[in-house]
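*Asks:* Residue numbers (this note's numbering), protein chains in the order written: chain A, 14 to 834; chain B, 11 to 349.
There may be inaccurate statements among the hints.
To give an idea of the chain B side of the interface with chain A (calculated C-beta under 8 Å), a few residues [as the list claims (entries may be wrong)]:
1) G81
2) S93
3) F124
4) A132
5) L189
6) A205
7) H207
8) A209
9) M225
10) Q249
11) T309
12) G326
13) I327
14) D329
15) R331
Covered, in the sense of this in silico footprint (three residues per stretch, anywhere, with C-beta under 8 Å from a C-beta of chain B), are these stretches of chain A [stated by the list, open to error]:
16) 163-169
17) 271-281
18) 295-309
19) 459-467
20) 508-519
21) 578-588
22) 605-615
Read the hints as simulated data drawn from the structure, not as lab findings.
Idealized CB from N, CA, C, for every residue including glycine.
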Amino acid sequence: MKLPYSWIKELIPQLPPVTELEPIFAQLGLPLEGIDESPAPPAGVLLAAVQAAEPMPGTQLTRLTLDVGPQGTQTVATGAANAVGLPVGTVVALVTPGTTLGEMTYGVREMQGVQSWGMCASAKELGIGESNAGILTFPAGTAQPGTPMHQLWPVDSVLDIEVTPNRADVLSALGLCRDLAAFLKLDLKEPIIPAAPTQPGEISISLPPKGRILERDPQKKVRFGSDHFAARAVSGVQNGPSPLWMQRRVSLAGMRPIDLIVDTSNYVMLELGQPTALYDRRDVANDRLVVAFGLRGGELVKDLLGNTHQMGPEDLLILDGAMADEPVMTVADAFSVMGEPKQGSHVLGVAGIVGSDHGHVRADTRDVVVEAAHFDPVLLRLTATRLGLKTDAVYRYERGVDPLLAPKAAVRVAELLREYGGATPEAGQTLVGTPELPADITTTGDQIRKLLGMQIDTAEMRDILTRLGCAVAGEGDHLSVTPPSWRVDMLIWQDLAEEVARLHGFVNLPETLPHLRVHDSNLGASAPSENRANLRRVLSGLGFQEAVTYTFTSDDEAQKARTEAPNVRLRNPMTAERTGMRTALYPSLLGAAGGYGKGERALLFELGRIFPAAGETERLGLLMRGDLAAKTYQDGVRGGFSVFKGLVQSFASALGASFELEQAREGDLPAALHPGIAGHVLWNGQKVGWLGALHPEIAADFGLKGDTFILEVALPLPGREWAFTDPSRAPAAWRDLAVIAPQSVSYGEIVQVLQGAGDSILESVEPFDVFTGEQVGAGNRSVAVRMTYRDAKTLTDEEVEPVFAAQIAAVRAKGWDIRDK
Amino acid sequence: MQEQAIQEINAADTLETLQAVKTKYMGKSGLVTKELGTLGKLAPEERRVRGAEINVIRAAIQAALEEKEAGLKRAALDAKLASEAIDVTLPGLGLPSGSLHPISRVYDDLIGIFTRMGYEIAEGPEVEEEHYNFEALNIPWYHPARELQDTFWLEDGRLLRTHTSNMQIRYMIEHDPDLKMVSRGKVYRYEATDATHEAMFHQLEGLVVGDGISMTDLKGTIAEMARGLYGAGAKVRFQPSYYPFVEPGADFAIYWENPRGESKWLELGGCGMVHPNVFKAVDDLRELAGKPRLYEEKTGFAFGLGPERIAMLKYGIPDIRYFYANDPRVMGQFRGELG
Numbered sequence: 014m015k016l017p018y019s020w021i022k023e024l025i026p027q028l029p030p031v032t033e034l035e036p037i038f039a040q041l042g043l044p045l046e047g048i049d050e051s052p053a054p055p056a057g058v059l060l061a062a063v064q065a066a067e068p069m070p071g072t073q074l075t076r077l078t079l080d081v082g083p084q085g086t087q088t089v090a091t092g093a094a095n096a097v098g099l100p101v102g103t104v105v106a107l108v109t110p111g112t113t114l115g116e117m118t119y120g121v122r123e124m125q126g127v128q129s130w131g132m133c134a135s136a137k138e139l140g141i142g143e144s145n146a147g148i149l150t151f152p153a154g155t156a157q158p159g160t161p162m163h164q165l166w167p168v169d170s171v172l173d174i175e176v177t178p179n180r181a182d183v184l185s186a187l188g189l190c191r192d193l194a195a196f197l198k199l200d201l202k203e204p205i206i207p208a209a210p211t212q213p214g215e216i217s218i219s220l221p222p223k224g225r226i227l228e229r230d231p232q233k234k235v236r237f238g239s240d241h242f243a244a245r246a247v248s249g250v251q252n253g254p255s256p257l258w259m260q261r262r263v264s265l266a267g268m269r270p271i272d273l274i275v276d277t278s279n280y281v282m283l284e285l286g287q288p289t290a291l292y293d294r295r296d297v298a299n300d301r302l303v304v305a306f307g308l309r310g311g312e313l314v315k316d317l318l319g320n321t322h323q324m325g326p327e328d329l330l331i332l333d334g335a336m337a338d339e340p341v342m343t344v345a346d347a348f349s350v351m352g353e354p355k356q357g358s359h360v361l362g363v364a365g366i367v368g369s370d371h372g373h374v375r376a377d378t379r380d381v382v383v384e385a386a387h388f389d390p391v392l393l394r395l396t397a398t399r400l401g402l403k404t405d406a407v408y409r410y411e412r413g414v415d416p417l418l419a420p421k422a423a424v425r426v427a428e429l430l431r432e433y434g435g436a437t438p439e440a441g442q443t444l445v446g447t448p449e450l451p452a453d454i455t456t457t458g459d460q461i462r463k464l465l466g467m468q469i470d471t472a473e474m475r476d477i478l479t480r481l482g483c484a485v486a487g488e489g490d491h492l493s494v495t496p497p498s499w500r501v502d503m504l505i506w507q508d509l510a511e512e513v514a515r516l517h518g519f520v521n522l523p524e525t526l527p528h529l530r531v532h533d534s535n536l537g538a539s540a541p542s543e544n545r546a547n548l549r550r551v552l553s554g555l556g557f558q559e560a561v562t563y564t565f566t567s568d569d570e571a572q573k574a575r576t577e578a579p580n581v582r583l584r585n586p587m588t589a590e591r592t593g594m595r596t597a598l599y600p601s602l603l604g605a606a607g608g609y610g611k612g613e614r615a616l617l618f619e620l621g622r623i624f625p626a627a628g629e630t631e632r633l634g635l636l637m638r639g640d641l642a643a644k645t646y647q648d649g650v651r652g653g654f655s656v657f658k659g660l661v662q663s664f665a666s667a668l669g670a671s672f673e674l675e676q677a678r679e680g681d682l683p684a685a686l687h688p689g690i691a692g693h694v695l696w697n698g699q700k701v702g703w704l705g706a707l708h709p710e711i712a713a714d715f716g717l718k719g720d721t722f723i724l725e726v727a728l729p730l731p732g733r734e735w736a737f738t739d740p741s742r743a744p745a746a747w748r749d750l751a752v753i754a755p756q757s758v759s760y761g762e763i764v765q766v767l768q769g770a771g772d773s774i775l776e777s778v779e780p781f782d783v784f785t786g787e788q789v790g791a792g793n794r795s796v797a798v799r800m801t802y803r804d805a806k807t808l809t810d811e812e813v814e815p816v817f818a819a820q821i822a823a824v825r826a827k828g829w830d831i832r833d834k
Numbered sequence: 011m012q013e014q015a016i017q018e019i020n021a022a023d024t025l026e027t028l029q030a031v032k033t034k035y036m037g038k039s040g041l042v043t044k045e046l047g048t049l050g051k052l053a054p055e056e057r058r059v060r061g062a063e064i065n066v067i068r069a070a071i072q073a074a075l076e077e078k079e080a081g082l083k084r085a086a087l088d089a090k091l092a093s094e095a096i097d098v099t100l101p102g103l104g105l106p107s108g109s110l111h112p113i114s115r116v117y118d119d120l121i122g123i124f125t126r127m128g129y130e131i132a133e134g135p136e137v138e139e140e141h142y143n144f145e146a147l148n149i150p151w152y153h154p155a156r157e158l159q160d161t162f163w164l165e166d167g168r169l170l171r172t173h174t175s176n177m178q179i180r181y182m183i184e185h186d187p188d189l190k191m192v193s194r195g196k197v198y199r200y201e202a203t204d205a206t207h208e209a210m211f212h213q214l215e216g217l218v219v220g221d222g223i224s225m226t227d228l229k230g231t232i233a234e235m236a237r238g239l240y241g242a243g244a245k246v247r248f249q250p251s252y253y254p255f256v257e258p259g260a261d262f263a264i265y266w267e268n269p270r271g272e273s274k275w276l277e278l279g280g281c282g283m284v285h286p287n288v289f290k291a292v293d294d295l296r297e298l299a300g301k302p303r304l305y306e307e308k309t310g311f312a313f314g315l316g317p318e319r320i321a322m323l324k325y326g327i328p329d330i331r332y333f334y335a336n337d338p339r340v341m342g343q344f345r346g347e348l349g
C-alpha cells in the first residue's frame with residue numbers, strides 16, 4: 014500500500030521525519046518496501062485560469078486563453094480531448110516557455126497559426142502521475158493565477174508499505190495512523206466527520222432474506238452476503254475536477270484521478286478503508302438498492318469497462334429496486350416480481366468488486382446514490398478470483414473491512430461532495446443489517462507472559478491494548494478484552510499476546526533455549542536422513558558430482574526417455590516442458606549430462622523424488638560418461654561398463670553392503686538400457702533397481718554421443734545384519750576350476766552354482782580368465798575361477814577335496830562342462 | 011703384496027672386478043690365505059712375527075676392499091636412482107573428484123547445528139494433499155493468505171507443497187510430544203523464474219513442541235543457529251509478521267558480518283509460536299488415525315528458511331537458476347573450505 018508522508022503527518026502531527034520511519038514501520042510488522050521521492054513539478058509550471066476555450070476550426074486543437082497572473086494573459090493550443098469546452102475559471106497546469114521537462118525545453122511554438130505559449134501538461138508529462146489521458150485540470154479558485162504549481166504540489170515521500178493479509182485494518186491512512194500513533198504514543202488527529210443521521214433516507218435497501226452455504230465450505234457456514242448496508246442520496250453535484258489536494262493524494266497513493274465523484278469514492282477508501290459505490294440516481298429504479306445472489310447458469314453482467322462476466326449462485330450482485338417490495342434472494346426473484354426484466358431491475362454492479370454498465374456515474378450525473386456496505390469477505394473473494402478482478406475495493410473486502418464503518422464512510426462521501434461539489438446530501442441516511450463484531454477475548458497477564466517469555470506488567474498490557482482501541486476490563490491479572498470493530502483479526506488470546514509483544518517491541522525479546530526431553534517415539538527419526546547424507550558423502554568422495562535437478566517433466570521427455578508418462582500432472586503448467594512430475598530420475602540426469610562438454614567426463618549422482626503411478630518415492634541415480642581418466646601424454650583409464658560397475662562396487666563396499674548385478678533378460682529388461690548391457694541391482698541381496706548402458710536410441714534422442722552408463726535404485730537401500738567376526742588366522746586353500754558353459758549363462762549364474770555347492774568353507778570366488786574359442790566349442794565360453802577356502806583351523810586336502818568335488822558335480826549337473834588343464 | 015693389492019682394489023671399477031680382486035687375495039686359495047698357510051712351516055718365534063705382519067696386511071686389504079665395495083655400491087645405487095628419475099611436474103592420472111551440491115552443503119551446515127542441539131531430521135512428500143499443505147496449517151480454502159503462496163495445483167486435486175510446513179503436521183501425527191525436529195526438502199511455487207525466483211526451491215523447517223515453550227525460546231534457538239552459521243557475535247532481530255500457522259508470528263533477520271563487503275541485517279525467514287488451530291488439526295488427524303490427542307495442551311514454536319538464499323549470500327552466487335543448471339563449471343567450485 015502506498016501513502017504519502019504528508020498525509021500520515023497530517024493525521025499524526027508529531028510524526029518523526031521520514032528518514033526515521035523505516036525501523037519504526039518494521040518494528041510494527043509493516044515493513045517498508047521502499048520510500049519513493051515523488052517530485053514536484055518544475056518551478057516553471059504555473060497554475061493558470063481558463064478565460065476561454067475555443068475550438069480551432071479545421072484542427073483537432075483547442076485554443077485556451079489563460080490568465081497567468083503576473084505573466085498576463087497567454088494563449089496555448091492543445092490537442093487534449095478534455096480541453097474541449099473547459100469551463101471558464103478552470104485551473105490548468107501551464108508549462109511556461111523556458112521550462113525543461115525531462116530532456117525537452119518548452120518555448121513559444123506556432124501551432125496551426127496560434128503562437129502557443131508553452132503547453133498545458135498532463136500528470137505524466139509533469140512526472141507527478143501516471144495519467145496521460147488529458148491535461149491536468151483543477152476547480153476554479155484552486156490558486157491565484159500564476160502561482161507556481163509546486164507550492165501546492167510539493168515534493169513528497171511515498172511510503173510503500175507491505176501489509177500482511179491479516180492486517181486489513183491498516184489498509185487506509187486512518188487505519189495505518191491509528192496503529193502508528195498507538196505504537197509511538199502520539200496523538201492521532203482523526204478527520205472530522207459528522208455523525209451519521211439516525212433517520213432513514215429516501216433510498217430503501219433490500220438484503221437477501223436467507224444466506225447461502227457455499228458448496229465447498231466444509232464448515233457449512235451460512236453467508237448472508239451483506240450484514241451492514243448504508244445508502245445516502247446526494248443531489249446537485251457539480252461534477253468536474255476534484256480539488257488539487259485530493260487529486261494529489263489519490264495520485265500519490267497510486268490511483269488515477271478521474272473526476273470529483275469517482276475521486277471522492279476512492280479518496281474515502283484510501284482515507285478510511287471503506288470502499289463505496291456511487292450510482293447515478295436516475296438509474297436506480299424505485300430508489301431501491303437490492304442485494305441478491307446470482308443463479309446457477311447465471312446471468313451476464315457487463316461491467317463499466319465493457320467486459321462481460323457470467324454470474325453464478327455464489328456471486329453477490331447489487332440491483333436496483335424495480336417493483337420489488339419484498340426482499341429477494343436471487344436476481345431471478347427480482348426479475349420475476351416485476352415481471353418484465355427489460356423494464357425493471359437492472360444489475361448495478363458486482364457487490365464490492367465492480368460496477369456494471371448501468372447506473373455508473375457519468376459526465377452529466379448530478380444526483381447520486383452512495384452505497385457503503387460490509388460484504389461477506391469470502392463470497393467477494395471467490396467471485397473476484399473467479400472473474401480475475403482484483404480491484405482495490407475487493408482487496409480490502411476479502412481481508413476484512415471494519416463491519417461498523419459503512420455509515421461513517423457514506424457520511425464522509427456525502428460531506429465531501431457537499432463541500433467540493435456544491436451538493437446537498439439528503440437529511441436521512443438508510444442503514445440496514447446487524448454486523449457481526451469480533452467477540453470478547455478473556456485471558457490473563459500470566460498466560461501472555463508465559464507464551465512470550467517476556468516480563469511485561471499486566472498494567473502495560475492493558476495500556477497497550479487500550480491504545481490499540483480495545484476495551485479492556487477484568488480485575489487484577491484477568492483481562493477481558495473487546496477488540497475494536499476494525500481489528501477483525503483479533504480472535505484468540507494469542508492474538509492479544511502478539512499485539513502486546515508488537516507494541517512492547519520485539520527488540521526487547523530476550524533469548525533463552527527450550528528445555529525439554531524428547532519423547533521416545535522421536536528417537537531414531539533421523540536415520541533415513543542420516544543414511545542419505547552418508548550416501549552423498551561416499552559418492553562425492555568416489556568422484557561423483559551431486560546434481561539437483563527439476564522434478565518437472567513432460568510427456569515428450571518421458572517418451573524420449575522411454576519411461577512412464579507423467580501421472581502427476583499440473584493443472585496449470587507454465588511451459589510445455591513442465592506439464593507433470595517425473596516418473597524416473599535418469600531423464601533428469603541425462604539432461605544434466607547434456608550440459609557437459611563433448612567427451613568431457615561426467616560422473617553425476619542425484620538423490621531425488623519421483624512420482625510414478627505407483628506413488629511418490631525416492632531414488633538414487635548415477636551416471637557416467639567419458640573416460641575415468643583422460644588419455645594425455647600417458648595412457649588414461651577408459652570409461653566403460655566395467656569401470657562404472659567398479660565404482661558402484663566401491664560405493665557399495667564403502668557402505669558395507671553386498672552388491673551384485675543379475676543379468677537382465679528379455680522380458681525383464683529395463684526400458685532405459687541397452688538390452689545386452691543391462692543388469693538388476695541386488696543390494697544386500699534385494700533387487701532395488703538397475704544398472705547398465707543407456708539405450709542408444711534414448712542417447713540419440715537426448716543428443717548424447719558416446720557411451721552413457723546409468724544406475725537407478727530405489728531408496729532407502731536395504732540394510733543388512735551385521736555382527737563382528739573374529740578373523741581366521743588359519744591359512745587358506747585354493748582350487749582353480751574352468752567351467753565351460755553356453756555363452757548365455759552369466760558369470761553370476763556360474764558363481765551361484767559354485768557357491769551353492771561350496772559349503773561354509775568357501776570364502777570367495779574370483780574369475781581369472783574368460784575365454785571363447787574353438788577349444789571350448791562354438792557358442793560356449795570358458796570361465797576360469799580361483800576359489801578360496803578357509804576355516805577356523807588349517808584345511809587339509811581331505812577336507813577341501815569333497816567340497817571341490819561336490820562343486821564340480823553341481824556344475825556338471827547343470828549340463829556344463831569342466832575344462833581340463 | 012699389500013701395495014699391489016691396494017692398487018688392484020683401487021683400479022676395480024665394478025663390483026665384479028672387485029670381487030675378483032677379493033678372491034685373488036682373500037679367497038680360499040687367495041694370496042693372503044696362501045701366505046697364512048705358510049706360517050705353519052716357520053719356527054714359533056718367526057711365525058709369531060710373520061703372522062703379525064700378514065695380519066696387518068690382511069686387515070689393510072680387507073679395509074680397502076670394504077671401502078671400495080661400499081663406494082661402488084653407492085655409485086651403482088646412484089646410477090640406478092639417476093636412471094629412474096622422472097619429471098614429477100608432469101600431471102598425474104586425471105582421476106575424478108566429486109563434490110556436494112551447494113544446497114547440500116548449506117543443509118549440512120544447518121542440520122549440523124540443529125542435530126547438535128538434539129533435533130531429529132524428517133523428510134516428507136512433495137506432492138501433498140491440500141489439507142496438509144493449507145487447511146491443517148490454519149490456511150482455510152478461502153483465505154487471502156493463500157495468495158502469498160502461488161500454488162501448482164495437480165489435475166487430481168492435490169498440489170505441489172508450497173512449503174515444508176506440511177512436515178509439521180505429518181511429523182506430529184507420527185510422533186508424540188515433546189519433540190524437536192527440522193525438516194528439509196524441495197518446495198514449489200507457481201512463479202515465473204528470474205534471478206531471485208524459482209518455481210522449485212528448498213526450505214528448512216523447524217518445530218519444537220513441549221510444555222511452556224515461549225517466544226524467547228524461539229529467539230534463543232534462532233540465535234543459536236545464527237551463532238552456528240556466522241560465529242560468535244552473530245545477532246538476531248525479530249520483527250512482527252504474519253504466517254497463518256503461528257501466533258504470534260515474526261520474521262527473523264541475522265546480522266551478517268560480510269567478510270567481502272558490507273555487513274548488514276539479512277532477512278532469512280519466518281517463525282512464530284504454533285497456532286492453536288494447528289495443534290487442534292493435528293489432534294483431529296491423530297484421532298482419525300486412532301492415536302491419542304496430545305497436542306492441544308502443548309505450546310511450541312516453528313520456523314522456516316531457505317537454503318538458496320543462505321547459499322547465494324555465503325558463496326556470492328548471483329542467480330538462483332545456477333542451482334539447478336548443474337553446470338560443471340559452477341558446481342565444481344563448491345569444494346573443501348570456501349572462505
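*Asks:* Look at each hint and say if it fits the structure.
*Replies:* The hints, checked one at a time:
1. For G81 (chain B), the interface hint is violated, the least distance from its beta-carbon to any beta-carbon of chain A being 37 Å, above 8 Å.
2. Given hint, S93 (chain B) at the interface with chain A, is violated; its Cβ is 19 Å from that chain's nearest Cβ, farther than 8 Å.
3. At its closest, the beta carbon of F124 (chain B) sits 10 Å from a beta carbon of chain A; the interface hint therefore is violated under the 8 Å criterion.
4. A distance limit of 8 Å between C-beta atoms decides the matter here; for A132 (chain B) the minimum to chain A is near 6 Å, and the interface restraint holds.
5. With 8 Å as the threshold, the beta carbon of L189 (chain B) comes within range of chain A, its nearest partner Cβ sitting at about 5 Å, so the hint holds.
6. For A205 (chain B), the interface hint is violated, since its Cβ never comes within 8 Å of a Cβ in chain A; the closest pair sits about 17 Å apart.
7. Residue-level restraint check for H207 (chain B) is violated (minimum Cβ-Cβ distance to chain A is 12 Å; threshold 8 Å).
8. Hint status for A209 (chain B) relative to chain A: holds, with the closest Cβ pair at about 7 Å, below 8 Å.
9. With its C-beta approaching chain A no nearer than about 5 Å, M225 (chain B) sits inside the 8 Å limit, and its interface hint holds.
10. Nearest Cβ of chain A to the Cβ of Q249 (chain B): about 5 Å, under the 8 Å cut. The hint holds.
11. The criterion of a C-beta within 8 Å of any C-beta in chain A is met by T309 (chain B), whose closest approach is roughly 7 Å, and the hint holds.
12. Using the Cβ-Cβ criterion of 8 Å, the hint placing G326 (chain B) at the interface with chain A is not satisfied: the shortest such distance is roughly 19 Å.
13. At its closest, the beta carbon of I327 (chain B) sits 13 Å from a beta carbon of chain A; the interface hint therefore is violated under the 8 Å criterion.
14. Here the hint on D329 (chain B) is broken, as its CB sits about 15 Å from the closest CB of chain A, past 8 Å.
15. With a cut of 8 Å, the hint placing R331 (chain B) at the interface with chain A is violated, because the nearest CB-to-CB distance is about 11 Å.
16. With 0 residues having a beta carbon nearer than 8 Å to a beta carbon of chain B, the segment 163-169 of chain A misses the requirement of three or more and the stated coverage is violated.
17. Proximity of the segment 271-281 of chain A to chain B, defined as three or more residues with a beta carbon under 8 Å from a beta carbon of that chain, is not established by the 0 residues found.
18. Only when three residues or more bring their CB closer than 8 Å to a CB of chain B does the claim for the segment 295-309 of chain A stand; here the count is 0, and the claim is violated.
19. Residue count for the segment 459-467 of chain A with a Cβ under 8 Å from a Cβ of chain B: 5. That meets the three needed, and the coverage hint holds.
20. Remark: the segment 508-519 of chain A is confirmed as covered by chain B, as 6 of its residues place a Cβ nearer than 8 Å to a Cβ of that chain, reaching the required three.
21. Closer than 8 Å: that is the beta-carbon criterion, and the segment 578-588 of chain A has 6 residues meeting it against chain B, so the requirement of 3 holds.
22. Counting residues of the segment 605-615 of chain A whose CB falls under 8 Å from any CB of chain B gives 6; the rule of at least 3 is met.
Against the hints set out earlier in the document, violations occur for numbers 1, 2, 3, 6, 7, 12, 13, 14, 15, 16, 17, 18.
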